[in-house]
Amino acid sequence: MRRSSVVAPLLLIGIGGLFLAHNMYPDLPLLDYLARYWPFLIILWGGLRLIEVLIWAATDKPLPARGTGGGEWVLVVLLVVFGGSLHAVRGYNGGWWPHNVTIGGLDMFGDSYDYPITAEKQASKNPHVVIESFRGNAKITGADTDTVKVSGHRTIRSLDQSGANAANGQAEFELAGDANEVIVRNNSDHLSNGSVRITAEMEIIVPRNATIEAHGRFGDFDISDINGEVQVISDNAGVRLQNLGGDARIDLKKSDIIRASGVKGIVDLKGHGHDIDLQNIGGAVTIAGAYDGVIAFHNLAKALRFNGERTDLNIEKVPGQIRMTLGDFTGTNLVGPIHISGRSRDVTVTEFTNELDISVDRGDINLRPGGVPLSKIDAQTRTGEVTLSLPPSARFALTATTSRGDVTNDFGSPIKTQNDGRGSEMLGTTGAGSPPVDLHTDHGNVTVRRASADDKTVVSATSSDNDAPREIKTLKPLKSTAPIKKTDQ
Amino acid sequence: MNGNLICAIQGPVMMLTLGILLAADQMGTYLSFGRTWPILLIVFGLFKLAQRAGATHAAQNAGMK
Numbered sequence: 001m002r003r004s005s006v007v008a009p010l011l012l013i014g015i016g017g018l019f020l021a022h023n024m025y026p027d028l029p030l031l032d033y034l035a036r037y038w039p040f041l042i043i044l045w046g047g048l049r050l051i052e053v054l055i056w057a058a059t060d061k062p063l064p065a066r067g068t069g070g071g072e073w074v075l076v077v078l079l080v081v082f083g084g085s086l087h088a089v090r091g092y093n094g095g096w097w098p099h100n101v102t103i104g105g106l107d108m109f110g111d112s113y114d115y116p117i118t119a120e121k122q123a124s125k126n127p128h129v130v131i132e133s134f135r136g137n138a139k140i141t142g143a144d145t146d147t148v149k150v151s152g153h154r155t156i157r158s159l160d161q162s163g164a165n166a167a168n169g170q171a172e173f174e175l176a177g178d179a180n181e182v183i184v185r186n187n188s189d190h191l192s193n194g195s196v197r198i199t200a201e202m203e204i205i206v207p208r209n210a211t212i213e214a215h216g217r218f219g220d221f222d223i224s225d226i227n228g229e230v231q232v233i234s235d236n237a238g239v240r241l242q243n244l245g246g247d248a249r250i251d252l253k254k255s256d257i258i259r260a261s262g263v264k265g266i267v268d269l270k271g272h273g274h275d276i277d278l279q280n281i282g283g284a285v286t287i288a289g290a291y292d293g294v295i296a297f298h299n300l301a302k303a304l305r306f307n308g309e310r311t312d313l314n315i316e317k318v319p320g321q322i323r324m325t326l327g328d329f330t331g332t333n334l335v336g337p338i339h340i341s342g343r344s345r346d347v348t349v350t351e352f353t354n355e356l357d358i359s360v361d362r363g364d365i366n367l368r369p370g371g372v373p374l375s376k377i378d379a380q381t382r383t384g385e386v387t388l389s390l391p392p393s394a395r396f397a398l399t400a401t402t403s404r405g406d407v408t409n410d411f412g413s414p415i416k417t418q419n420d421g422r423g424s425e426m427l428g429t430t431g432a433g434s435p436p437v438d439l440h441t442d443h444g445n446v447t448v449r450r451a452s453a454d455d456k457t458v459v460s461a462t463s464s465d466n467d468a469p470r471e472i473k474t475l476k477p478l479k480s481t482a483p484i485k486k487t488d489q
Numbered sequence: 001m002n003g004n005l006i007c008a009i010q011g012p013v014m015m016l017t018l019g020i021l022l023a024a025d026q027m028g029t030y031l032s033f034g035r036t037w038p039i040l041l042i043v044f045g046l047f048k049l050a051q052r053a054g055a056t057h058a059a060q061n062a063g064m065k
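From first to last, the protein sequence lines stand for chains P and G. Residue 1 is where the first sequence starts when you use the working numbering, and the numbers rise one by one after that. Residue 1 is where the second sequence starts when you use the working numbering, and the numbers rise one by one after that.
Just so you know, the hints here were simulated from the structure itself, not pulled from any lab data. These figures come from a predicted structure and were not determined experimentally. Incorrect hints may have been included.
[Unchecked claim] Not the full set, but computed from the structure, chain P residues with beta-carbon under 7 Å of chain G:
#1 Ile42
#2 Ile43
#3 Thr68
#4 Gly71
Glycine included, C-beta positions come from ideal geometry on N, C-alpha and C.
Isolated chain P, as found in the complex (with noise of 0.2 Å):
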């Protein structure tokens, strides 16, 4: 009798796991992990096979006469083709493998070689500085001058001294430009030879009321004290920006962190990446894109506008804090109207005012506003618990219903509840006029109880140490003067 392998059922759990995984967290980015890993999926196949074979053989149990059917190279076939385009589609150049890695190339043979920049320039009191696209990080600060000046250095990697000198001299770092518009310019792109590399670590002190546009390929910026607006657009970036006086507007296609704190302009950010933190914003806060990391809310001013892949948030005005992860939202102390909508998510919205209109796929809600008079609440989820604390002194005219699942009323007159079969309902109202309070669950039960004065300490949106968003990586201190030298790897 043929012996049937176990790898193959391995592989069906495997795939069933990813796809259960894909389910219950929806926002997890499954098919960019598959269009990064898949290569891996086909060394797994061939490794565990292999292990298999040898322990038959190890045994002396009966080999099969080939280790791999015909059915199995179809199925890598279709792999391939599926990775590859999946690859494609998805654009990736070596996004999972470290950014400056090459196997072979540069880093295994090559050194590196250290340059100062110093360069200064005259500029006018409000002068728009310009950085272009280059690798490495720059800190650009704000301060009483007339001048722009930038200090640091770059590294150039090559595979000798002399190939460096070459790069160096023929990608000159210079201060171009006028008085009105400075211009940083690394001359990267001036490179004839593919085989150096140039990163350049900057430390920029412009005009306080300068604007700032700061182009990058990877690497970070830390930006502060400056009053014009800031714009900052690269591949892959860490942001971090502290007591600007204007708008802040960030484009990253890739980023770890975006971190601002005392913006009193508008906060743009689009792209994708991971954990933002945004604190103290005195303009309107709108985001773009796909990130899936924490995201922390503290002191809005004005209006925010959350446009992720999944998940859409409108809230008039933050004066408390919110907290999201990929599974949840945690948010107290916020002003309506306020609108959350998202696949899946538990949903916990805590001393609230104004209109709130939440709706998710599946999971809980757990609603308390924040005093009286209330105002119109809609709460609806597919599969979840919805479960709302109101001030025993208010006034509503509740529906609360759930197609299948029990009704509790904790709270007492006038709200009564009925059963009909599978589902139930809640009704009851203080009289005409109340506002309206309606909360639905098509799988899960519904509680409406009383707002206690102990709710605050179980309800609130601090989050802990542990799952604060990371701390940029800060800039290295810079070697200003430092002499041609070379560095060993």
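On the provided structure of chain P, position chain G as indicated by the hints.
For chain G alone, kept in the frame of chain P given last:
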């Protein structure tokens, strides 16, 4: 080494090689699959050689009996 075992591990080893080459392809341009694919031919050739040697060996054994 017996010929059966070589036949049995040929498929898994080929699959492993293919996976490694494809993974290397994604790491960057330096080891693109366009450059490395002949390794598959080489591995396949090595297996065929090993099978041939195993078969001759078996034939000789059979001849001596």
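Hint by hint, here is what the structure shows:
{"no.": "1", "hint": "Ile42", "result": "3 Å, holds"}
{"no.": "2", "hint": "Ile43", "result": "3 Å, holds"}
{"no.": "3", "hint": "Thr68", "result": "3 Å, holds"}
{"no.": "4", "hint": "Gly71", "result": "11 Å, violated"}
The structure fails to meet hint 4 from the earlier list, while all remaining hints are met.
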